[in-house]
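Enquirer: Residues per chain are reported as follows:
Number of protein chains: 4
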Amino acid sequence: MFVLVNLKAYPCDPVEVAEAAAEVAKETGVRIAVAPQAAHLDRVAATGVETWAQHVSPVAHGSHTGSTLAEAAAEAGAVGTLLNHSENRLKLADIDGSVRAAERADLETVVCANNPRQIAAAAALEPDAVAVEPPELIGTGTPVSQADPDIVTDSVEAAASVGDVPVLCGAGISTGEDLEAAGDLGAEGVLLASGVAKADDPKAALEDLVSPLV
Amino acid sequence: MFVLVNLKAYPCDPVEVAEAAAEVAKETGVRIAVAPQAAHLDRVAATGVETWAQHVSPVAHGSHTGSTLAEAAAEAGAVGTLLNHSENRLKLADIDGSVRAAERADLETVVCANNPRQIAAAAALEPDAVAVEPPELIGTGTPVSQADPDIVTDSVEAAASVGDVPVLCGAGISTGEDLEAAGDLGAEGVLLASGVAKADDPKAALEDLVSPLV
Amino acid sequence: MFVLVNLKAYPCDPVEVAEAAAEVAKETGVRIAVAPQAAHLDRVAATGVETWAQHVSPVAHGSHTGSTLAEAAAEAGAVGTLLNHSENRLKLADIDGSVRAAERADLETVVCANNPRQIAAAAALEPDAVAVEPPELIGTGTPVSQADPDIVTDSVEAAASVGDVPVLCGAGISTGEDLEAAGDLGAEGVLLASGVAKADDPKAALEDLVSPLV
Amino acid sequence: MFVLVNLKAYPCDPVEVAEAAAEVAKETGVRIAVAPQAAHLDRVAATGVETWAQHVSPVAHGSHTGSTLAEAAAEAGAVGTLLNHSENRLKLADIDGSVRAAERADLETVVCANNPRQIAAAAALEPDAVAVEPPELIGTGTPVSQADPDIVTDSVEAAASVGDVPVLCGAGISTGEDLEAAGDLGAEGVLLASGVAKADDPKAALEDLVSPLV
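Quick mapping for you: the protein sequence lines, in order, are chains A, B, C and D.
So for the first sequence, this note's numbering puts the first residue at 975; every next one is plus one.
So for the second sequence, this note's numbering puts the first residue at 975; every next one is plus one.
So for the third sequence, this note's numbering puts the first residue at 975; every next one is plus one.
So for the fourth sequence, this note's numbering puts the first residue at 975; every next one is plus one.
These are calculated hints, taken from the structure and not from any lab test.
Model, not experiment: these values are computed from the prediction.
Do not rely on the hints blindly, as some may be mistaken.
Claimed, not checked - Here are the simulated SDA-like pairs of lysine to any residue, each with C-alpha atoms no more than 25 Å apart in a straight line: (1) D:1065 - C:1172; (2) B:1065 - A:1037; (3) C:1172 - B:1177; (4) B:1065 - A:1140; (5) C:1065 - D:985; (6) C:1172 - B:1060; (7) C:1065 - B:1177; (8) B:1065 - A:1186; (9) A:1065 - B:1172; (10) B:1177 - B:1045; (11) B:1065 - A:1003; (12) C:1172 - B:1045; (13) A:1065 - C:1060; (14) B:1065 - A:1109; (15) A:1065 - B:1074; (16) D:1065 - B:1017; (17) C:1065 - A:1140; (18) A:1065 - B:1000; (19) A:1065 - B:1177; (20) B:1065 - D:1122; (21) A:1065 - B:1017; (22) C:1065 - B:1017; (23) B:1065 - B:1033; (24) B:1172 - C:1032; (25) D:1065 - B:1172; (26) B:1177 - C:1063; (27) B:1177 - C:1036; (28) D:1065 - C:1033.
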C-alpha cells in the first residue's frame, strides 16, 4: 500500500509532517509520500521523505507565467504529482497535457476522479495511478470504504478494464482500519490529508494508519 | 454516415444553412444535423432540420446564471449536443456532468477530443459518440483523413476498446472525397463547419459532401 | 427604478413570467426586463417584454463553438445582457471583451460584482450599469438593503467616483419594501430572480414589487 | 524605477539570473526583483535578490490542493507577487481575492492588465502597482513605449484617476533606451522577461538596462 499525504494549503508545518513521514516510512518499510505547496517542495524534500507536487501545469518550458512547470517541481525534489484533485479540477485535454509534462520530467502521476466512469476516463490517459475521491466525503472523517464501498470496487474494476491502472482510495481515510478496508476493496494505496496534516501528533497518526501493514 | 454541421459563431444565416441541410437530407436520405448558436436553436429547428446544440452545461434546473440548460436546448428544438469542442474545452468532471445532463433531457451527445488517448477517455464517459479533431487541422481545409490518417484509425480502435463508441471525424472535412476517406478509416460520421457554413452555396457544398453516400 | 428579472436555469415557464412582466410594465409604466436562457430569448421577446441575455461571450463572429455571440442574442430579441454574475464569474479581460461585444451588438450591459471595490473595477470597464450582489445573500430572501445597507451606499459611491455609473441592487430582493429600501440607498434598479421566477403567481409578485413606484 | 524580471517557465538557471540581479542591484542601487517558479522561490531568495512570486491564489489556509498560498510564497522568501499576467488571466473576483491574500501575507502586488480601461479596473482593486502589457507586444522585442506610447500615458492617467497607483510598463522592454522611454512616459518601473532571462549574459543585459538610471 502506498500512503500519499496531501498537505493542501493547511496551516501545518510541512517540515514537521515530512520528518514524521520519513521516520515512519523508515521504521515500517511502508511507502509514504508527502505533497506540500510548490513553494515548500525544497524544504520537504530535504527531510529525505518521498516528495510529491500537488499539481503540475500542462506546459513545457516557455512563456507560462504563474504555471507550475513539471521540471521545476522535479528540480525542487518532487518525484511525483497529483493531478485533477477535486479542489483543482482540470480540463480533459489539460490532464492529458499534465500527465505528459510529468512523464517528461520523470514524475510519477496520480490522477484523481470522482466516480468509476471518470476513473476509467482518467485511466485511459495512462497515468501511473488513479485515485477515487467522492467529493462529498472529502474532509468528513467518514471513509469512502465504509460510506460507499461499491465506488471503490467499481473504480478498481473500471481502471482494470482500461489498462491495469492501480487505484488509490481517498476521502475520509484517517485510521489503520480505514487503510485496511481500502486494501480489502482492491485499492493499492490511500490518499489522505487532514487526518495526518491536522493531527496534533502527525507521527502517531501515521503510525496508527500504517499499523495494519507492519 | 452522420454529417454534423457546426455553425460556431459564424456570420452565416443559420436558417439558410438549415434549410439547405433539410433539403439535402430529404433528397438523399443522408442524416444531416445543424448546430447553431443557442439563441438560434428555435429558428433552426423550425426548418425541420435535425438540430443540435454546440454545448450544454453540466447543471440541472437551479441557480445557474449564464448556463446552457440541456432542458432549455431541448425545448428550443435540439435533439443532440456537441461537448468539449476544442474551442470550448471542459473539465473532465464537467464533460461527465454535461453528458448526464444531456441524457436527462433526451439529447444525443458527441464528445470531441484531440487524440486517441483523449478519445478513449471521452468514450469512457459513455456519450453516444466521440469526434476526433486534431486542433492543428481545424479550419485548414486539410482533411485529417489525409494529413494524419493514423489518428483516425487509432481513435476508432481506442473508442472500440473502451466500449464500442462510434467515432466522428472532424477537422478539415469539406468535400465528398474527404467524407469517403473518413468512412474508409472507420469513422461513422463527420463533423464540419466552415466548409458548409462559409460556402457561397451551402446546399451545393452539402450535395457535394454527401455525394459518395447517394 | 429598473427591475431586471433573472430566470437563471429555473424550472419556471419563461413565457409565463415574461407575459406577467410585460403586463405589469404596461400597467404601471415601470421598466421591467426578463433575462431567460439563451435558448428561450426568441419566445420571451415574442411576448413584447424587454428581453435580456444572462451572458454574452467576449468574442466577435468567428470560430467560437459553444459561445454566446452578442449578435445572436440581439437577433433573438435581447436588448441587454448581464455579465459576471456571481454564478458566472468572468476574467477581468473577458468582462472588458464582453462589454465591448455587447456594445457592438447594441446591447445594454449590467456588470455584477461582489463588493464596492469590485464595483469600482467593474464601473471602470464602462458598462451601462453595475449590480452589487453579495454572494452570501443570493437566494436567501434577506435583502441586501437590510442585511448590509453600507455595501449598497459604498457601491453607489464607488461607481460614482469612477464615472457616474448607475448601480442596481441584487440579492434577496423580493418585495416592494425591498425595492423602496434599495432606492433609498441610491440604487437605480434591482436585480432579482427567485422572488419572481419561483413565485406561485409571478404577476402578483411583480405587482407587489413595483407598488412603491406607482 | 523598479525593474521586475519575470522568469516565467523559461529554461534559464534561476539562480544565475538571481545572482546577476543581486549584483547589479547592489552595484547600481537600482531596485531589481526576480520572479521565478514557485518551486524555485527558496533558492532564488537565498541569493539575496528581491524575490517575487509569479502568482498567488485567492485563498486562505485550508483545503486548496494545487493552489499557491500567499503565506507559503512568503515563507519561501517572496516579498511580492505578480497577478493577472496575460499568460495567467484571472477572474475579477479572484484578482480582488489574490490582492487581499497577498496583503495578509505582507506581499507587495503588481496587477497586470491589457489596456487603460483594464488598468483603471485593476487599480480600483487597490494593489501596490499595476503593469500595462499589450498582449500583442509580449516577447516581440518591440517596446510598448515605441510601438504604442499612448497606451502607457493613457494607463498612467487611468491609474492616477482611480487612486494614484503607480504603473509599470511591460512588453518588449530589453534595453536601457526602452527603460528610459518608459520612464519618460510616466512609468515608475518596467516588467520584463526574455530580454534578461534568455540573455547569454543576464548580468550584462541588466547592466545595460539600468544604465540610464546610474
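Enquirer: Indicate, hint by hint, whether the structure satisfies it.
Expert: Here is how each hint holds up against the structure:
Taking the CA atoms of residue 1065 (chain D) and residue 1172 (chain C), the gap is near 30 Å; set against the 25 Å cutoff, the hint is violated. Pair hint residue 1065 (chain B) plus residue 1037 (chain A) holds up; C-alpha atoms about 23 Å apart against a cutoff of 25 Å. Between residue 1172 (chain C) and residue 1177 (chain B), the direct Cα distance comes to roughly 45 Å. Violation of the 25 Å bound is thereby established for this hinted pair. About 22 Å separates the Cα atoms of residue 1065 (chain B) and residue 1140 (chain A), which keeps this hinted pair within 25 Å; it holds.
Taken as a hint, the residue 1065 (chain C) and residue 985 (chain D) pair is broken in the structure, with Cα atoms around 29 Å apart against an allowance of 25 Å. The suggested pairing of residue 1172 (chain C) with residue 1060 (chain B) is violated, with an alpha-carbon distance near 36 Å, which exceeds 25 Å. As the CA atoms of residue 1065 (chain C) and residue 1177 (chain B) are separated by approximately 40 Å, the hinted pair breaks the 25 Å bound. For the given pair, residue 1065 (chain B) sits about 37 Å from residue 1186 (chain A) by alpha-carbon distance, which is inconsistent with the 25 Å threshold.
Only pairs whose Cα atoms come within 25 Å are accepted, and residue 1065 (chain A) paired with residue 1172 (chain B) is rejected, the gap being roughly 30 Å. Between residue 1177 (chain B) and residue 1045 (chain B) the alpha-carbon distance is near 30 Å, which puts this suggested pair outside the 25 Å criterion. This hinted pair does not check out: residue 1065 (chain B) and residue 1003 (chain A) have alpha carbons roughly 37 Å apart, beyond 25 Å. Of the pairs offered as hints, the one joining residue 1172 (chain C) and residue 1045 (chain B) holds, with about 17 Å between alpha carbons and a cut-off of 25 Å not exceeded.
With a C-alpha separation of about 22 Å, the suggested pairing of residue 1065 (chain A) with residue 1060 (chain C) holds against the 25 Å cut-off. For the given pair, residue 1065 (chain B) sits about 15 Å from residue 1109 (chain A) by alpha-carbon distance, which is consistent with the 25 Å threshold. Restraint check for residue 1065 (chain A) and residue 1074 (chain B): satisfied, since their Cα atoms lie roughly 17 Å apart, inside the 25 Å limit. The hinted pair formed by residue 1065 (chain D) and residue 1017 (chain B) fails the criterion: a straight-line CA distance of about 34 Å is larger than 25 Å.
Between the alpha carbons of residue 1065 (chain C) and residue 1140 (chain A) the distance comes to roughly 38 Å, so the proposed pair goes past 25 Å and is violated. Restraint check for residue 1065 (chain A) and residue 1000 (chain B): not satisfied, since their Cα atoms lie roughly 39 Å apart, outside the 25 Å limit. Between the alpha carbons of residue 1065 (chain A) and residue 1177 (chain B) the distance comes to roughly 36 Å, so the proposed pair goes past 25 Å and is violated. About 38 Å separates the Cα atoms of residue 1065 (chain B) and residue 1122 (chain D), which puts this hinted pair outside 25 Å; it is violated.
The suggested pairing of residue 1065 (chain A) with residue 1017 (chain B) is violated, with an alpha-carbon distance near 32 Å, which exceeds 25 Å. At most 25 Å may separate the alpha-carbon atoms for a hinted pair to count; residue 1065 (chain C) and residue 1017 (chain B) exceed this at roughly 32 Å. For a cut-off of 25 Å, the pair hint linking residue 1065 (chain B) to residue 1033 (chain B) stands: about 13 Å separates their Cα positions. Restraint check for residue 1172 (chain B) and residue 1032 (chain C): the C-alpha separation of about 22 Å stays at or below 25 Å, so the hint holds.
Restraint check for residue 1065 (chain D) and residue 1172 (chain B): not satisfied, since their Cα atoms lie roughly 34 Å apart, outside the 25 Å limit. With a C-alpha separation of about 40 Å, the suggested pair residue 1177 (chain B) and residue 1063 (chain C) falls outside the 25 Å cut-off, and the hint is violated. Using a Cα cut-off of 25 Å, the hinted pair residue 1177 (chain B) and residue 1036 (chain C) holds, with the two alpha carbons roughly 21 Å apart. For the suggested pair residue 1065 (chain D) and residue 1033 (chain C), the alpha carbons sit about 17 Å apart, so the restraint of at most 25 Å is met.
Violation of the numbered hints given earlier is confined to hints 1, 3, 5, 6, 7, 8, 9, 10, 11, 16, 17, 18, 19, 20, 21, 22, 25, 26; the remaining hints are satisfied by the structure.
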